[in-house]
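2 protein chains.
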Amino acid sequence: MIGGMGPAATADFLARLVAGVAAGSDIDHPRVLIDSNPHVPDRNAAARGEGPSPGPVLAAMAQGLVEQGAQILAMPCNAAHGWAEAINAGVPFVSMIDAALAEALAHRPRAIGVLAVGATLALDLYGRASPVSVLAGDLAVVQPAVNAIKAGDRSDATRAALAGSAAQLVAAGAEVIIAACTEVPLLLRQADVTVPLIDSTAALARATLAAAVLTDRDR
Amino acid sequence: MIGGMGPAATADFLARLVAGVAAGSDIDHPRVLIDSNPHVPDRNAAARGEGPSPGPVLAAMAQGLVEQGAQILAMPCNAAHGWAEAINAGVPFVSMIDAALAEALAHRPRAIGVLAVGATLALDLYGRASPVSVLAGDLAVVQPAVNAIKAGDRSDATRAALAGSAAQLVAAGAEVIIAACTEVPLLLRQADVTVPLIDSTAALARATLAAAVLTDRDR
Chain Y
8 MIGGMGPAAT
18 ADFLARLVAG
28 VAAGSDIDHP
38 RVLIDSNPHV
48 PDRNAAARGE
58 GPSPGPVLAA
68 MAQGLVEQGA
78 QILAMPCNAA
88 HGWAEAINAG
98 VPFVSMIDAA
108 LAEALAHRPR
118 AIGVLAVGAT
128 LALDLYGRAS
138 PVSVLAGDLA
148 VVQPAVNAIK
158 AGDRSDATRA
168 ALAGSAAQLV
178 AAGAEVIIAA
188 CTEVPLLLRQ
198 ADVTVPLIDS
208 TAALARATLA
218 AAVLTDRDR
Chain W
8 MIGGMGPAAT
18 ADFLARLVAG
28 VAAGSDIDHP
38 RVLIDSNPHV
48 PDRNAAARGE
58 GPSPGPVLAA
68 MAQGLVEQGA
78 QILAMPCNAA
88 HGWAEAINAG
98 VPFVSMIDAA
108 LAEALAHRPR
118 AIGVLAVGAT
128 LALDLYGRAS
138 PVSVLAGDLA
148 VVQPAVNAIK
158 AGDRSDATRA
168 ALAGSAAQLV
178 AAGAEVIIAA
188 CTEVPLLLRQ
198 ADVTVPLIDS
208 TAALARATLA
218 AAVLTDRDR
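Quick note, the sequences are listed as chains Y and W, same order.
Position in the first sequence (from 1) plus 7 gives the number in the working numbering.
Position in the second sequence (from 1) plus 7 gives the number in the working numbering.
Hints in this document: simulated from the structure, not taken from any laboratory.
The beta carbon of each residue, even a glycine, is placed where N, CA and C say it ideally should be.
Hints should not be assumed to be uniformly reliable.
Estimated spans, in silico, between C-beta atoms of each pair [claimed, not checked]:
id, chain 1, residue 1, chain 2, residue 2, range
1, Y, A109, W, G159, 35 to 43 Å
2, Y, L221, W, N95, 33 to 41 Å
3, W, V220, Y, D145, 36 to 44 Å
4, W, A118, Y, S162, 37 to 45 Å
5, W, R135, Y, A147, 32 to 40 Å
6, W, G171, Y, R196, 32 to 40 Å
7, W, G97, Y, H114, 50 to 58 Å
8, Y, G180, W, A113, 24 to 32 Å
9, Y, H46, W, Q70, 21 to 29 Å
10, W, G56, Y, D105, 43 to 51 Å
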């Protein structure tokens, strides 16, 4: 796992990976190697052309994990997928964007709303991969909410702000909402949204476990 | 982090490490490298002389983490500390036994009760390190409860069984209880016990963060 963006989201992803295994005992679980590195260059600044690319650091993390034995790579950070092409470590990479989009499209929506940060929107990570139109949540609401969650905020006010942004997208025609930043599902729940809410972290955990089963079977 | 014993306990430890940092943003967190390996040889079988030693696998995991840059090692599994001497990777190792015992002794108990599995008791990991007497919880209750928790059980019945074992220890004179197996605090809470309950996972997280601050300062 190429993690640390942010650290709480990485812990959330690991918990979902563990919970996703129907285990009778420890040995039924896959081995998981994690590099939780909160010092990866800022994705939003890089997307604005105002900071260094996170690509080389992500590539080095991936290489280190593969050297330790990783056979599948996953990265629980939507925005960092803007630099996924830099991760070329010779093993399969499970895309969080593809995993979340697949779960959203299963609802056959005419339009999808995404709650995402600046880099994810600027690089159009969901829009460029989607066959249906993708509506972006108000960055002036989502970005401060994500920053607050990274600083430990789990307040009703911040959850209400994210719910309000989701409601705006639904009013504009979105029939599914993707929590397209790993901090968002730490606070926003299905009960806060009137249409299906796709948790990108949970979607990546499911896709990663599915890939792990296939890798294990092929060995 | 030398993890995976069990996987849910490793996820719990990571969540506590993250929550333990007073962070304003991602970059305030330490980098954490994790090898969550649920295939380490069984500690209880090894302590009974009925299975291979986990020592060589733990040593190899530690070496791999240090090669990736780890400057401090922690292992969220009490029983595996029976083979801590095998972990000789040239960087500080934060002992979970010492961390939990220190928190227990801060309450100045005349006796400490431990809820632990077979290996931890057979190797007397707490007793041999403690200046006050250590009473062992009924293994016929604790071991099945731990196995059930590893298989996903989060039931009130299992929590009540652990609480009953703790109550027996209190009746026998224990003035502090240590949840001395990382699965126990996944279910047993302070409200279930009438004397202070020390969570060995939380104690290790606090000790690890303290060691990380010192390492960072010395750099």
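Hint by hint, here is what the structure shows:
1. A109/Y / G159/W: 35 to 43 Å: At 26 Å between Cβs, range violated.
2. L221/Y / N95/W: 33 to 41 Å: 37 Å, holds
3. V220/W / D145/Y: 36 to 44 Å: Check passed, 38 Å falls within 36 to 44 Å.
4. A118/W / S162/Y: 37 to 45 Å: Between A118/W and S162/Y, where Cβ atoms are some 43 Å apart, the hint holds.
5. R135/W / A147/Y: 32 to 40 Å: 59 Å, violated
6. G171/W / R196/Y: 32 to 40 Å: Hint holds: Cβ distance 35 Å, inside 32 to 40 Å.
7. G97/W / H114/Y: 50 to 58 Å: 53 Å, holds
8. G180/Y / A113/W: 24 to 32 Å: Violated, since G180/Y and A113/W (Cβ atoms, about 59 Å apart) do not stay within the stated range.
9. H46/Y / Q70/W: 21 to 29 Å: At 23 Å between Cβs, range holds.
10. G56/W / D105/Y: 43 to 51 Å: Holds: the Cβ-Cβ distance is about 49 Å, inside 43 to 51 Å.
When held up to the earlier numbered hints, the structure conflicts with 1, 5 and 8 and fits the remainder.
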